[in-house]
Each structure stands twice: as C-alpha cells, then as structure tokens.
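Mind docking chain B on chain A? Use the hints.
Number of protein chains: 2
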Amino acid sequence: MSQKPSLPQGTRDFGPEVVRKRQYILNTIRTVFERFGFQPLETPAMENLDTLMGKYGEEGDKLIFKILNNGLDRPEKEASARAAFEKVLGGKSTKDLTERALRYDLTIPFARYVAMNHGSLTFPFRRYQVQPVWRADRPQKGRYREFYQCDADVVGSRSLMNEVDLCSIYHTVFIQLGLKGYELRINSRKLLAALAEISGGAEKMMDITIAIDKLDKIGLDKVKEELAGRGLNEAQIATIQRYLEIGGSNEEKLVAIKELFGDNETAKKGIEEIEFVGNMVTGEGVNLVLDFTLARGLNYYTGIIFEVKAPAEVKIGSIGGGGRYDDLTGLFGVPDMPGVGISFGVDRIYDVLEELRLFPEALTQSTRALFFNLGDAESRVAYGLLQELRMAGTSGELYHEASRMDKQFKYAEKKHIPYAVIIGSREVSEKTALVKELTTGKQTSVPFEDLAGFLKS
Amino acid sequence: MSQKPSLPQGTRDFGPEVVRKRQYILNTIRTVFERFGFQPLETPAMENLDTLMGKYGEEGDKLIFKILNNGLDRPEKEASARAAFEKVLGGKSTKDLTERALRYDLTIPFARYVAMNHGSLTFPFRRYQVQPVWRADRPQKGRYREFYQCDADVVGSRSLMNEVDLCSIYHTVFIQLGLKGYELRINSRKLLAALAEISGGAEKMMDITIAIDKLDKIGLDKVKEELAGRGLNEAQIATIQRYLEIGGSNEEKLVAIKELFGDNETAKKGIEEIEFVGNMVTGEGVNLVLDFTLARGLNYYTGIIFEVKAPAEVKIGSIGGGGRYDDLTGLFGVPDMPGVGISFGVDRIYDVLEELRLFPEALTQSTRALFFNLGDAESRVAYGLLQELRMAGTSGELYHEASRMDKQFKYAEKKHIPYAVIIGSREVSEKTALVKELTTGKQTSVPFEDLAGFLKS
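In the order they appear, the protein sequences are chains A and B.
Numbering of the first sequence is given in my numbering, commencing with residue -8 and proceeding in unit increments.
Numbering of the second sequence is given in my numbering, commencing with residue -8 and proceeding in unit increments.
One chain only, chain A, in its complex shape (with noise of 0.2 Å):
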C-alpha cells in the first residue's frame, strides 16, 4: 500500500543548491570563529527534560518538543503511565511518560555543558556552536519549526576585549559575505538601568526595557501607551522620550546622553563601557553605530547588548544580536560564570544574501565534466582518465549509460555542468579527448595527459 508522503508542519528538506548556499554562509561564519580561537562544540540534540524546563518561561515550556518514552506498552509500565497521563492533561510533564525533549536553543545546553566539565575547560572558554533547534512555534513566513542557530561566546571573563572582539567577528563575517552596508548597533543595559533610576526607579527596569524594544516595531507613540499602562507617570514618560530621541553621529549622541544623565553612577559604567568597545572596534568598512534605543527583550543581560542590521536596501529585520550576561551556570549548581555571546541569523542572512544576489556564482556548478559514455570499451578509457582527473581535485562524472548524445548532453546542462569530454574509438586511438564548453560551444583537442590539467578549476 503506498502513501502520498509529506513534510511535518514548519520543516524543511534543503535540496542540493540550497544546501550548497547555506554551507557557504555557515562556513564563512565557522571559519571567522575559528580564527578568532573559538572552539567548536556540538551537544545533542536530545536534553533530560528537566535541563530545558523552566529556562524559557511559561510560553517557552509550551513549545519545547517533549519525546514520548518508548515501552510504554509494556503491561507493567502501564499503571505509571497512566498517571503521567493524568499529568499531562493538566498542563504538567513527568518523566514516566516523557523524560526528554529537544533543544530549544543552544544557550542553555551550553550552560549545562560548561557547569558539567567546568573543572577541564580553560577559561576564558570561547565556544562556537552551529547546530539545529526545534520551537512548536505556529509555523509562518520566515518562522519554522527546525532552523539552525550559530553562535559563539566567551565565558569566565569581566574583559570588554571579548565584546570587542566578538564585534571583530561580525565585522569581519559581514565583509566576507559581501555585506558591506550592514550596521552593526550597541548600546548598554546599564544605560537602560540608569534610565530606570532617572525616571520610574529601578524596579522598572524591565518594563522600561519591554517596552523600548518594541519601539521599532509599534513607534514611539504606542510605547508611551505602553509605559503609562506599566504605571510610568507623565513626567517619567517625558524623561524616557528624551532618551529615545538622542540622535545624531555617535559623537553627538555620546555628548547629548552625558547631559541627560550627569551624575549618574550607572550610566557612567555604561557610556565606559560603549566608549571602550567604540574606540577599539575600528578599521575599514566598520560601521559601528550607537542606538540607545536598542533594548533586546531577554532579561538576562547586563552589560553592552548587540543587534546587527541588514543593509538599508533589504526590509528585514535584524541578522544578529547579543550582549553580556552575568550568569550563566548558576542555575545549574557552577555560581559566577559571566560572559557574553553573540548570534548569526542564518536564515535571515540567506535571504538578504539571496536578494541582494550575493552568492558566488560557482556555488551553482556541482560538477565540473561530464565524461561522455560512448560505449564500454570507450567508456572504459575515459573512466582511467575522469579519476586522474578526481585525484587531482576536480570534480567529474562520467555519463551512466551509452545513451544518445542528446540524452548526455541535457543531464550536463540541468545539472549546470560547464564541460563535456567525449571520448570515442577516434580519440582513444589518438589518445585526445574532445573537450567541449557547454556555454560557449567552444571545442578543443586536449591529449589525454593534459586533460587533468586543462580542467582544473
């Protein structure tokens, strides 16, 4: 009985040409890493249940995909199952029915990484981690259910040289992808902090915060609504709106936001901290730009907080972000493990990349020729000749079957392959293939020992 297949809801297959797309950004990203003296890590994709419950809040324990237990069929499982059934109906997990669950991101089993082989590492410890995760997110453009995350950090260490650096790193991926408008933002939480003792006290930091990052997307009028609904007064709201508004060259907004907090401890911490990255991240082509108004929604972070913006041309949103946390491990036992990360939007890249037709033109080309099948004792030559060429490095095939010459010719062009050899008795017997360029029509007569040489790439 045969079944039409399908894809689950929110997931993708990556076909050749795709997949070729994203190796090249991946591994454009992977490299940069590397050369900054980050390690890789990869953690599996499957976490205890426990490990990922609670770390994402209310909404994000619902959509962490849980794997049911296998066995439990088995008649003497029965009894427990059926009362973690009962759990599960009311809104609670157990582990006598599901004890492991997919990775929602690559944070937190980072964080269960570092606390579970603190006693090895060497710290500072600067991780890389390019791996899928999986959110029961309700599937939508540009949202799905599996997509890779690719992110790097460094751990066990105060030093604003890891967020220079980590700024180093975007810089430099940009430029390589060809990325040459990208803007890459900072700005501190501890400004945010400050805005909150100016303005609401401190206890309001994170619906101030909440409320700022949403600022690009409702405009300043709707955050003003939603800071009174958060019980900020008139006043508060006016000394928040000055803050938003500081615009100008980073100098200028350095100068104004001095002003608007004088005195103020925190704030000064900050505006060090944003001065200390801005004057070291320098060189060609980096655009730093200082927007106070960057706020990124996780509570978590503490210190300079990072958001990379696509090229104006593009209308999407951002393509990376970060920032500096204070805590890592500790909900996992290791206490005072500070550090600060920074992450790759790969899909969005893909896009921005694609539409702005930045993919090298050989990413297209799979094989580089075809060999012609003329038949076994003709083919027989030619196979001696294409794994010379192989071993030399360049790729090629020879035609399956001796099929019509129109048959081999149509393979060679959907697969976008720019050389056809043909080798028949006539060139066996004077020992020179034909070479012909499948684009231009252009044929040559190349002997047989130059012929490795003659289609190298």
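Hint data in this document are derived by calculation from the structure and do not stem from the laboratory.
This structure is a prediction, so every number in the text was calculated from the model and none was measured.
Do not rely on the hints blindly, as some may be mistaken.
The list cannot tell twin chains apart, which means a pair is met if one copy fits it or any two copies do.
Straight line, CA to CA, 30 Å or less: simulated DSSO-like cross-link-like pairs of lysine-lysine [claimed, not checked]: (1) Lys86 to Lys132; (2) Lys205 to Lys405; (3) Lys215 to Lys68; (4) Lys86 to Lys46; (5) Lys(-5) to Lys86; (6) Lys78 to Lys53; (7) Lys398 to Lys260.
The following block gives chain B in isolation, referenced to the frame of chain A:
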C-alpha cells in the same frame, strides 16, 4: 534552585578536539562525494510518523523516538488525547498523541524526498547526506542513541558504472584518510539467490541470507545448525558449505564459483556483475576482495553488495557498507526507482584513525598565536596587529586581561597555542614584536610589518 545537570543516556557532547576530528573525517568524505558529482541533501530531523512507521520491521518501529504533540493540556483536546493514550498503551501509535518522530536512518527520508520531488530532479540523481539519526536502542559500548550517518546513493539508473563509482569513492576516501590496509569486499545478492535455487529452492533465499550473514560472528558450525533449524536438509547444507568455503585469490574464487554454479542463469548474471566491477575498479592501492560469504542482513538488496573492513591490525567490525536495490520509492507511490548506495560508519572510522594515530597533528591546534596583554595602551597596538593577522587568514587571540605573564603562558599552553606574541611598551616604541615559539622557547624579534608573514601557517 540549582540542579545537577546530566545528559540523556546514549547521547554525547562533542568537545572542541572531538568536533575537529569528526569534521576532518566528514569533510574528507564530503569533498570526495562532491568530486564524484554527488549533491548534498538535508532533510528535517522530524518526519511524520506515517513516513517512518512500518519501514524498519516490528523491532525498528519500537526504536523510533516519537514526539509528543504539543497543546495536549488544552481542555478541548482532552477527550481525543485520552482515547489516543489508550491506543499507545495497547502498543499502537496515533496522531492524536504523537504525529511526528525523529528520523531513524537517512534512507527513508531520502526516499520520501525523491518521491515528493521526482518531477523536478535530474536522473540519475546522485545525492549524499550527512546527518544524525536517533534510535531508542539500549545504549552500550560503541552504540549510541544519536549518531551520524553518512550516505551516498545514485537513483534512477541500473548501470553498473554506479557500483564502480561507489567503489572508487570508498577507495579515494580511505586513501585520503591514510587507511591503506582497508579491504573492500563485494558480492552479489544474485549469487545468494542462485545458491538458494541450487540448494533449497528460491523461497529459502532470505533464510539462507540471514544465516550466512552471521558467519563472521558465530562460525560455520552454528550457521549450519541455523540452516538445519530453518528446514534445510543435509545435502542442501553441504552445497551451502561448499559455497561458503570457496577461498583463494579473486581469480581462484571466480573459477571455483563458476564450477559450483555451472549453467545457473541467476549465478551467471551475478558473476558478470562482479567481473564488470572488478575489472573497472583498478588503480594503485585498490583492495577489492570478492567475498561470497558477504550477505548483509537487509532484505531490500538485489544486486552487488559492499562491505568495508578496517585494516587487520584494528579489531573492529565493518566501517562501511551498502548495495543495490530495485525499488526505493514504491512505498511512497513512485514505482521503478532502482538505485545503489553506500554508507560510512563515522564513529568506527573515528576509532580506527584514533587507534592507528592517523589524525593530522594540526587538528589539536586551534589558535596559532596568543598576543599577550600587557595593559590597555599596549593591547590597543597588539589588537590592531592581531586584526591584520586574522585578515591574512591566521588565527590568533589577545589575552583577555593584563594578567601576570605566567598566567598568560599557561593559557597558551593549555590551548596548545604554538606562538606567544609579546608587545610591551618597549616593543611598541620600537615597532617590533617579541615572538616566542612555545615548544622550543626560541625567541625572535619581528618588525610589526613582518608579523603577519612570520606567523602565517
């Protein structure tokens, strides 16, 4: 509240050195696949449960990790969830509780992909796929619940040239990995079919195959016992024994097998296949061994089958295998899709390379140069030079803070960094860095403008 974190049974974290070694293996294989004109495919970790169930036998179905549907705690879902749960207790799965599962291998997802996209693919379609799979097997030494599979298949062609190409891929990969003593064993399922014909009747083919498949593990006497248990009589078993005892060089084996089978038509076809592949796969270091006892358990193979044995000095089973099948996609409603595929056992290849010390030395080095941090002013100069180094393609780090020298040396040592670059106030004024080679202790003064060249790997 803190918790002591742990990993799910049968799963592994891969730290930096292990990831680098694994990537070395996978990149070597990927590069060879590409050179042979194979194209990459990636499918989602989750498949619809329908797609997977019933494809791996009853035992396999039980080992599939099923994913609990989300939102089961919503009141309106309670009734259907309860009904579904009763079915699970009865050993059945149902969409109301679980409709997705983690992929169990790469073959069924590939078949699903081909069935869904056969209208737009170019055939013969040569694809490779390197992704993890998950099985709820009992964990034991060398057997994991998450592990990588690494497959290459050609579908849509019956040509034996595909078998030839796959043999060449094995050879090229193992030579590149330095595994000179590998053995590529081949056989044809047609010879096993012929053996069934001349000994016990064609319908005993799978019984005979399954028994022969155990020869390596249990020995000839136990295989004969098993054959007797499966209803074969003494004369039949004697024929099978004659078949199994064929030995000598490849040429001697061919003489003996022809003699054994005489005019049997099925055997003639099998021998023709083997001779064709054997005659085409030649070249320095190729080690193709005819092995008529090779059976391979899976019942979908119909022609040539492969198995790769690690060099004899390593006691480990096969490190690769595959074969020809007639029908990849029939179960998904697309008939007539023959193909042939191979697979690399990545975990075992890792163990073999480790045991024979074949991993390149360079894999344990991450960062090439550590720039010492001797204060803010000095490290600003050092950071500029470090950035030049990185842009030139060499990896480097600046120590994160101005700690004592011995602490910075210790960090370099722990990370196996070969060069220390020391830039103090004197070096800044003289525009010359002091470069210390850490294994030998040799020191060199290098002018700033020559530093990137000096440290280039």
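Results of checking the hints against the structure:
Proximity of Lys86 and Lys132 under a CA criterion of 30 Å is satisfied inter-copy only: 25 Å between copies versus 35 Å inside one chain copy. Taking identical chains as interchangeable, the C-alpha atoms of Lys205 and Lys405 are never at most 30 Å apart, the minima being 47 Å within one chain and 44 Å between chains. In the homo-oligomer, the alpha carbons of Lys215 and Lys68 never lie at most 30 Å apart, since the shortest distance is 56 Å inside one protomer and 40 Å across protomers. Both within a single protomer and between protomers do Lys86 and Lys46 lie at most 30 Å apart by alpha-carbon distance, with minima of 18 Å and 29 Å respectively.
In the homo-oligomer, the alpha carbons of Lys(-5) and Lys86 lie at most 30 Å apart only across protomers (16 Å), although the nearest pairing inside one protomer, at 35 Å, exceeds that limit. Within a single copy, Lys78 and Lys53 get their C-alpha atoms as close as 14 Å, and across copies as close as 24 Å, so both meet the 30 Å cut-off. With identical chains, the CA atoms of Lys398 and Lys260 are at most 30 Å apart between copies only, with a shortest distance of 28 Å across copies and 71 Å within one.
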